[in-house]
Amino acid sequence: MRHILLLAALVVAYAGVPLLFGGTPYILGLIVAALTIAGIAVAWALLGNLGGMVSFGHAAFFGVGSYGSAVLSMKLGVPVFPAVLLGGLAAALASVAMLPALRLRGPYFALAILAYAHIFQILATEMTPITGGAGGLLSIPRFPVLFGLDLGGKTGGYVIILTIVLLSALAYDAVRRSAWGLALKAMHDTEVATRVVGVPSTHLKAAMLALSAFITGVVGAFNAHFISFLEPDYAFSSTWTVLPIAAAIFGGYRTVWGPVLGALAIYLLDQLLFKPILPHGHQMVLGVLLCAMILLSPGGLLPALRRRSTGERHAHA
Amino acid sequence: MTTALDVQSLRAGYGAINVLWDVSLTAPTGKTTVIVGPNGAGKTTLLRAIMGLIPITGGDVRVNGRSLTGARTWDSVADGLVMIPEGRMIFPDMSVDDNLMMGAFPRACRAGWKRNKAMVFDLFPRLAERRDQIAGTLSGGEAQMLAIGRGLMEQPRVCLIDEPSLGLAPVVVDEIFRILAKLRAEGLTIVLVEQNTSRALKIADHVHLMRSGRVVLSEPGEAVDLERLHALYFAHDDAA
Amino acid sequence: MLTLDGVQVNFGGVQALKNASFAVAEGESVGLVGPNGAGKTTLFNVISGVIRPTGGRLTFRGQSLLGLPDWKRARLGIGRSFQIPRPLGHCTVRENLIVAQRFGAGINDPKRIDEILDLLGLRDKADADATGALALTEHKALEVGKALATNPSLLLLDEVLAGLETNSKRAFMERLGAVRDRYRLALVIIEHDLPTIAALCPRVLVLNFGQIIADGAPDAVFRNPEVIRSYTGETTL
Amino acid sequence: KDFLLGSELPLTGNLARVGQGMHEGIAVAIDMANKAHAGTHSFKVSTIDDETSPAKAVAAVEKLIGEGVVALTGGYGSNIIGPASEAAQKAGVVYITSGGVTPDLTGRGYKTFFRINNTDGYALAMIGLVQQMAAKKVSVVYLNKEATSNLAKQVKETLGAKGVAVTMHEFDGSTSDFKPLVNKVKLQDRPDVIAMVGYENDYVGILRAAKVLKPDVKAMVGVWSLATAQMAKEFPDLMENVHGTSMLPFPVEFTQPEALEFAATYKKLFNKEPDYLGQFGYVQTRLLIDAILRADAAGTLASGGLPDELRKTDAQTLIGRVTFDAKGDNPHFTHRMGQHQGGKVVLVWPKEAANGAMRFPATPW
Amino acid sequence: MIELTLQALFSGLLAGGYYATVAVGLALVFGTMRIINLAHGELVLLSAYIAYAAESRYGLNPVMAIPLALLVVGTVSMIVYALLSRIRQDREINSLILTFGIGIIMTNGILTIWAADIHSTTNPWFQDSLVIADTLFAMNAEIVAFVGGLALMAAVYWWLNHSWQGRAVRALSSNRNAATLMGVNPRQTEILSFLIAALLATFAGVAIYTGKTVFPALGHVLTVKAFIITVLAGMGSIHGVLIGAVMIGIIESLTVTYLSASLQELAGMLLFLVVLFVSPSGLFGGRRALAR
Ligand SMILES: Nc1ncnc2c1ncn2[C@@H]1O[C@H](COP(=O)(O)OP(=O)(O)OP(=O)(O)O)[C@@H](O)[C@H]1O
Ligand SMILES: Nc1ncnc2c1ncn2[C@@H]1O[C@H](COP(=O)(O)OP(=O)(O)OP(=O)(O)O)[C@@H](O)[C@H]1O
Ligand SMILES: [Mg+2]
Ligand SMILES: [Mg+2]
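Chains as they are written, first to last, in our numbering: chain A, 2 to 318; chain B, 347 to 586; chain C, 4 to 240; chain D, 147 to 511; chain E, 14 to 305.
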C-alpha cells in the first residue's frame, strides 16, 4: 500500500506536474524556484538536525557552488552536468575552510558561517578576472538537450531540480538511519560524553558539514545554469540562507520531508496567494505565518499533519 | 507544638508520570524531620513539589498554617521557606561569590549578607579560596558546599535539605552534620532528606520512610530502630 | 598498563594536579580518594583525554597518550564514567550502549549489549529515554554501561556509588565486582565511602591538593595521620 | 481599443525607493495617454513587484506575458533587468527601461530591448561639468556595484585622457561612516572636486563627513538621486551648492505643454513634485505607448511589429531627443547637471540648458 | 601621516560607539534569556522612525522624542516578550525564527507607514562639526551618541553586575529553577531586562536618526551587526560589547584609511573569525565546566 502510494506520488511529481503546468511557464518557474529553496532547506536541516549545527551562512555554499559550476563550464568548457557536480564539490571544499568553526557552538557557529558567507561574497566581487566582479556572469550555459528533452527549459529544469531534491532527501534519510546518524543524534549537548565512548565527533560533524555544503552547492550550480546569470549579490544573497531556514522550520526541520514541504508551502503560498492580494506587504504575511507556526505547532507543519492523520506523537529526530 | 509544614495527600509528578501518591506528613516548628527511603522513592520530588518547582496535582501543602496552593516558588522563598538542593543546582556561569550573593536575594536577607557570607566562608574555607572561580568549574564536592552555603545565606525559617552529604569527603560530612546539629539547636525547622541513615537519625526528632511515592513509616526519632528501618527499605510494596 | 609520570594540570592560578605519578597494573583495582577538589576528577579527565595536562607524561600499554584525542583513547580500551551522569542526548538506554559499542569497540554485538543491560539491572529500562525517565541509580548504572560497551580494559569510575542508599550501594558494588572479574578489567574508582573502597580495592591512592600523599592497602592508608587529618576525619573503616 | 502593459519593478527590497519612483512615472504616462485618447483607446498597466530579486523578476515577466501584455515597461538595476529582459526577448515581447545603464545590457543586441538612458550619458554630464569647472584634480568616490563602478571608471578614463589627475576610492554598500574615506581624500589627494557615484544614503554620508572635515575642495559633484527636490527638502543644509545630474530644474520650470501637463498630472496623482525617476519612467512609457499606437494603426502589433516601430522613434522628450540604435540604446542621451541653490535645483550644465549661474567654488559648508 | 591615523582611530571609536549602543540591548536579552532577538534592529529602527515622525510633524527635537519612542518601543517589546514566553519547545531555535518573523512584520510595517525614502534629522546642530585640537573631527550627533551610549552602557553594566536585580537576571539565565529557589520571580525579571533592552534600543534609534540615515531595510542590517558584536563579545558580556564594537569600528576605519573602503566589511568579518578561533566563546565569554 505504502509503496503504491509512493509510486503514485513519484509519477505525479515527474509526469503530472509538467503535464499540468507545462503550458504556464510562470507556475512551473515558481515550482522550480520553490524546489531550489527546498534543496537548500534539506541540506540545512541535515546539518541542523543531525549535526546539531544551526547555520546562518548556507548562501556561502550556494554561491560557491553556482560560481564554481558556472566558471568551470564557461571558462574551461566543462559540460554542464559534470560541472554541476564539481560545483557541489567546490562547495564541499569551501566547507573545509570552515572546519575551524566546528569548535564553536550554537550562535557562535551560526555567525561564524555567516561571516564566511560574507567573505566569499566579497571574494567573488573582488576576483574580477574569474568571476566577472560586481557585474557578474551573463549567458551561463544552460542544461543540454538529452534524449529529445530540452533540459534547458522550464520542464527540464523542473525534472533536474526535482531529482536533486529527492536524492538529497534520500541521502539525508540514509545518514539518519545509519550508526552515524545515531551517534550524531547522541552528540547533541553531550559532545564530550559521546567522544569518550569513541565517537570522533569532530570528524562526524565535518562530514555532515561537507555533505550539507555539497548538496547546497549542487543546488546553487543548478540554479546558475537554470537562470543562466550570476552576480555576487545574487549568488551570495542572504535569501539563500533565510528562506530555506524559514522553510525548513515551517515544514518541520527534524523530519526529512518537512523542509521540502515547507519550501513548497511558503514559496508558493507567498507568490501565488499573498502577492496578488497584497502586492507590497506580502512579506508581512510570511512573517505572520512563521510566527503562527512557531506558536501553534512548534515542531513544524509536517509533524502537525502527521499528528492529525495518525493521532500519534512523533519522537525527536 | 506548632506545625511548620503540613503536607496532606500530596500528588505530583513529571508530566504524565505521577510520582507521589497521596503523601502526608508534618514537620513541627523548630524540630528536625528526616525523610529516608530507597532511591527513586520520590523524596526529591516531594521537596520539589513543596517548593512549587513542579505542579501539584492533588492534595495540599501548608506552611505555618497557610496553604501554598497557587503560591509561587519565589513567594514561598520570600516567606522563609527555603530548599537547599543538591550541588547540581548552582549557577554554573556565575562566580562563587555571586552564587552566594544570590542566596541573599530575598528582601529580608539582603541586609545581613555581609555577616552571612562571612559565616559561610568560615564554615567552608574552600569557598573563600575560590570566591572568584566560575561555579561551573568547581569540583563535585565544592559545588555541594556552595549549594549549602548559598542556602544558609537565605536565612531560612523552614529549611528543606536534599542529601547535603552527597559526594563530600568524610571530614566535610562531619562538618555538615555539626552544622545541622547547630541549626537544630538554634531552633530552625529542618526537613532533611539523607541517605546516610545512621548519621541522620542522630539528629532526627522525627523520621519518615518513603517508598514508591508513599510514606510507609512515621516515627519519633528516638523510637526508630536502624535494623527495622533497613528491613522496611527492602520490603515489597504491598500497597502497589 | 597505565603509568602517569609527573602529570600537572593548571587552571589559571589553580594547580589542580601537581606532579602526579603512579602506575596501574593489568587487572588491578585501585581506589582513588581524597578531599573535595583534590583533583580526582581532573585526573580522570587527563587520562581519558577530556583535558590536556600542562606537564608530565602518561602511557597506556607502552604507548604515550599525549596528543591522542579522547575518542582514540576510548578505542584503545580506556572507559570512563562521569561524576554527574551524562547520558547521550535524545537516545534510549539501549541506543546509548549501541553508540558506545559501535564506535568505541568497533563491533556490532546485540548479545553483548543485552548482557551488559542484565548485568547492570537495566534490562527493563532498555527502551526508556535515557535523559528523562531514569532514577539516580539507573543513571549511574548507565554511566558504567556506556563505558563497558566500549570493551575497555581499564575502567575509570567517578563516584558511581555516591547518593545510593545503603542497600542499593551494596548491591551495585557487588555487580561492579562481578563485572570487573568477568571481563578481567583494571579498575580505578573514586569513592568517598570508605567501606566500599576497602571492599572493592586492595590498593588505595590518596590525593590531596593535587598530590599523591598515600598509596597502599586500605587499612594502612586510612591510619595514616595525614590522611585522617585531611580526609577521613572522625570516620573510620 | 484596450491595451494592457506590463511592469516589473522593485517595490520592496533594496531598490524599493527607485522602483517606486519609476512606478509613479509610468502611472502618470498611462493617465495622460488615457486622457489624450479618451473614447478611442485605453491603457492599463499590470505591475508586479520583483522584490529586488532577479529570479522573481523573471517570474514576473513570465507571468505578465502569460497575462497577455503588449509590452513591458519598468525594471530597475542592471542585474535584475538582465535576466528579466532575457525572458522578454525569449517571448519576443518588448522591454523598455531606464533603470539599467550598463553597456552589457545593450551589448547583447536583443531585438526587443530598449532603453532611453545609459552610462555614457551620465558620464558625459559629470565630465562636462568638471571640465566647465576647470578642475585639475578630481577624487572619485564610488560604490562597488556594477553600474556605479562602470560609471566611475568611465569618468576616470575620460578625464585622465584630458590631463586631469584622478584618484579613485571604492567603497562598500555597508559603509555608514565616511569620515575616514573623506579624510583620506582631504589629506592625501587634496582635489579640486570630489565626484561621488553611489546612492542617496551614500551621498548623505559622504556629504556629512565632508561637512565635518571640510576638505579644501571647490565643488561636490554626484550623479543620480542627488540634485532632487526630495533631497533638497530632506537635507537642506547638506545639499546647498552640491551638483548632481538633473534633467529638470526645481521647482520645475516647464515651458513645453507636455512638460506642464506631466507636472500637473504628477501633482494630481501623487501630490508632490516630479523627480528624475518619475521623468524617466514617464518618458519610456510614453514612447512605448506612441509606438504601440503606430503599430496598431499599421496593423503590425499582433504580428510582432512593435520592436520595429519603436526603433523608428525620433522624439523630443522631457529628457531630450530620443532615438534607438540597432541594439536598443539611445545615442542622444546626455544628462544635465544641476546645483542645489537655496532649496532650488538650478541647471548649470550644459550651457544650452542652464537656467542659472553656477556657483563655483562653492560647497555646503 | 599621523593626522590620518589619529582621525581613523577617532572615527573608528565613534563608529564603535554606535555599534555598541545597538548591540548592547541585544546582548542583554541574549545574556539573560539566551534568546537572540532578531527583531532588535527593527526595534531600534522603529525608535528612529518615531523620532522622525515627531520631528517632521511636530518639529520636536529628536532627543525630546525619546519618551514617546520609548513608549512605543517598550510596548512593542512587551508584545515580543509575550509571544516569546509562549514558546515551549526547542526554545533556542524557535525563538530565533519567531523574532525573525516579527522582524519581517516590523520592516514591512515601517515600509508601509513611512515608505522607502531615506530620512535623517533636519536639525542642523547635530551635523555641525566639533573639532578637537585641530586634528580630530566629529559631528555633534556622534559625540552625543557616544557619550550617551557610554553612560547607558555603564549604567547597565553596573546594574547587571552589582545590583540585586541585575544579579537575579544573570542567575535566571544560568539556572532557571535554582533562581526561583532564591526567590527570583522569572517573569518580572525577564520583563525588566526586556524593558531595559527597549530603552537601549530607543536611545540607539534616536542616535542613528541624528547621526546617520534611516530606511526600512536598515533594521536587518543593524540586527546582523549587533548579533555579530554580541557573539564577538561573548555571552551577555556588556563591557565585551563595548570593546568588541570599538575593535570592529577601528579595524574598519583603519582598513578604509590604509587599504580600501570596499574591504572594510571583510576586515570586520576576519577580525570576528580570528577572535572566535582564538577564544571560542568570544572575548569575554563565560568559561563553562568541561567535564565533571
Ligand atoms: N525530571 C524527571 N522526569 C521524569 N521522571 C523523573 C524526573 N525526575 C525524577 N523522575 C522519576 O521520579 C521518581 C522519583 O525520583 P526522585 O528523584 O524524587 O527520587 P528520590 O527519592 O529523590 O531518589 P534519590 O535517592 O535517588 O535521590 C523516579 O522514578 C524517577 O525516575
Ligand atoms: N576550569 C577550572 N578553573 C579553575 N579551577 C578549576 C577548573 N576546573 C577545576 N578546577 C579546580 O580544580 C580542583 C580539582 O577539581 P576536581 O574536580 O578534580 O576535584 P575532585 O577531586 O574530583 O573533587 P570532588 O571529590 O569534590 O569531586 C578543584 O578545586 C576545582 O575547583
Ligand atoms: Mg533525590
Ligand atoms: Mg570529582
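Wrong hints could be hidden among the right ones.
Partial list, computed: chain C residues near chain A (C-beta under 10 angstroms) [stated by the list, open to error]:
{"no.": "1", "residue": "G52"}
{"no.": "2", "residue": "G82"}
{"no.": "3", "residue": "V102"}
{"no.": "4", "residue": "G107"}
{"no.": "5", "residue": "G109"}
{"no.": "6", "residue": "P113"}
Derived lysine-lysine pairs resembling DSS-like cross-links, with alpha carbons at most 27 angstroms apart [said to hold, decoys possible]:
{"no.": "7", "chain 1": "D", "residue 1": "K190", "chain 2": "D", "residue 2": "K257"}
{"no.": "8", "chain 1": "D", "residue 1": "K282", "chain 2": "A", "residue 2": "K76"}
{"no.": "9", "chain 1": "A", "residue 1": "K76", "chain 2": "D", "residue 2": "K236"}
{"no.": "10", "chain 1": "D", "residue 1": "K282", "chain 2": "D", "residue 2": "K360"}
{"no.": "11", "chain 1": "D", "residue 1": "K418", "chain 2": "D", "residue 2": "K364"}
{"no.": "12", "chain 1": "D", "residue 1": "K364", "chain 2": "D", "residue 2": "K379"}
Simulated from the structure, these hints should not be mistaken for lab results.
C-beta: ideal position from N, C-alpha, C; glycine also.
(request) Give me the numbers of the hints this structure contradicts, sorted from smallest to largest. (result) 6, 8, 11
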